Amino acid sequence: MTSERASVATAFAMNSVGEACTDMKREYDQCFNRWFAEKFLKGDGSGDPCTDLFKRYQQCVQKAIKEKEIPIEGLEFMGHGKEKPENSS
Amino acid sequence: MVKYFLGQSVLRSSWDQVFAAFWQRYPNPYSKHVLTEDILHREVTPDQKLLSRRLLTKTNRMPRWAERLFPANVAHSVYILEDSIVDPQNQTMTTFTWNINHARLMEFGLARFKSNVTKTMKGFEYILAKLQGESPSKTLVETAKEAKEKAKETALAATEKAKDLANKAATKQQQQQQQFV
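Protein chains in written order, with UniProt numbering: chain E, 1 to 89; chain X, 1 to 181.
Be careful, since some hints might not be right.
[Stated by the list, open to error] Simulated crosslink set (DSBU-like; lysine-lysine; CA at most 35 Å straight-line):
1) K49/X - K55/E
2) K148/X - K122/X
3) K172/X - K66/E
4) K42/E - K49/X
5) K49/X - K39/E
6) K58/X - K68/E
7) K172/X - K152/X
8) K68/E - K49/X
None of these hints come from the bench; they were simulated from the model.
These numbers were taken from a predicted model, which means no experiment stands behind them.
Starting from the given sequences, assemble the full structure and let the hints guide the process.
See the structure below:
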């Protein structure tokens with residue numbers, strides 16, 4: 001069932017930073033890759049079928065990031081307004 | 001000072017294949033150091049662009065001497081953020097990738113360098129003290145000052161001597177000319 005799919009996918013897919021989130025991440029990735037190639041790149045950016053999967057996956061991974069204290073807070077998109085390095089001597 | 005590298009390459013594929021492959025490029029035989037991959041944010045803008053933020057963790061590989069000095073860093077991965085904008089209408093993709101914790105991990109490199117420089121200077125002063133035969137060890141700065149003073153005096157003496165010689169030569173010439181009058 002899910003475990004068989006997972007063992008095939010293991011060789012060709014990445015893990016999530018949250019160990020418990022890996023299956024959710026892979027499920028979301030599969031959905032996204034299909035939508036991306038078949039819809040989005042062909043000009044149809046509406047109707048994203050992966051939003052539910054994404055929500056579940058995000059809940060899990062954001063929790064893992066907090067637990068591991070990964071410093072992702074307050075970082076502007078595309079690095080705009082990047083702070084100066086601490087040791088600029 | 002940040003160092004940068006610029007590289008350019010051409011991929012022999014259509015743009016849509018490249019964009020699709022971008023989201024599927026891990027894992028690959030060259031990415032054994034990449035441990036995890038996560039999408040932290042994704043949205044489609046009103047003008048049909050896809051914005052994404054991807055978090056990667058990579059191994060923090062250090063030589064063994066560094067592991068001994070900084071055992072706390074051994075367990076820490078490097079965190080990388082990759083922001084991207086995919087614009088299918090203009091067929092462009094822009095990405096911005098940076099590490100968010102490696103600067104902290106690089107402190108071991110800086111500390112080691114500082115320690116080495118300090119050792120170098122201490123060793124130099126030690127040798128100088130020995131050469132000066134146990135007299136109160138002077139610092140490199142003081143030694144350099146003395147050398148500068150001495151050089152000035154020598155130059156001054158040389159200038160005086162040159163003037164003196166020139167005068168003597170001039171006087172001799174005058175005397176010779178007078179004789180032929």
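Comparing the hints with the structure gives:
For the hint linking K49/X to K55/E, the alpha-carbon distance of about 20 Å falls within 35 Å, and the restraint holds. A C-alpha spacing of about 22 Å is found between K148/X and K122/X, which places the hinted pair at or below 35 Å, so the restraint holds. Simply put, K172/X and K66/E have alpha-carbon atoms about 95 Å apart, too far for the 35 Å limit, and the pair is violated. About 12 Å separates the Cα atoms of K42/E and K49/X, which keeps this hinted pair within 35 Å; it holds.
With a C-alpha separation of about 13 Å, the suggested pair K49/X and K39/E falls inside the 35 Å cut-off, and the hint holds. A hinted pair counts as satisfied when its Cα atoms are at most 35 Å apart, and K58/X with K68/E qualifies at roughly 15 Å. Distance hint between K172/X and K152/X is fulfilled; the C-alpha atoms sit about 30 Å from each other, no more than 35 Å. Distance check on the hinted pair: K68/E and K49/X sit about 31 Å apart at the alpha-carbon level, within 35 Å; holds.
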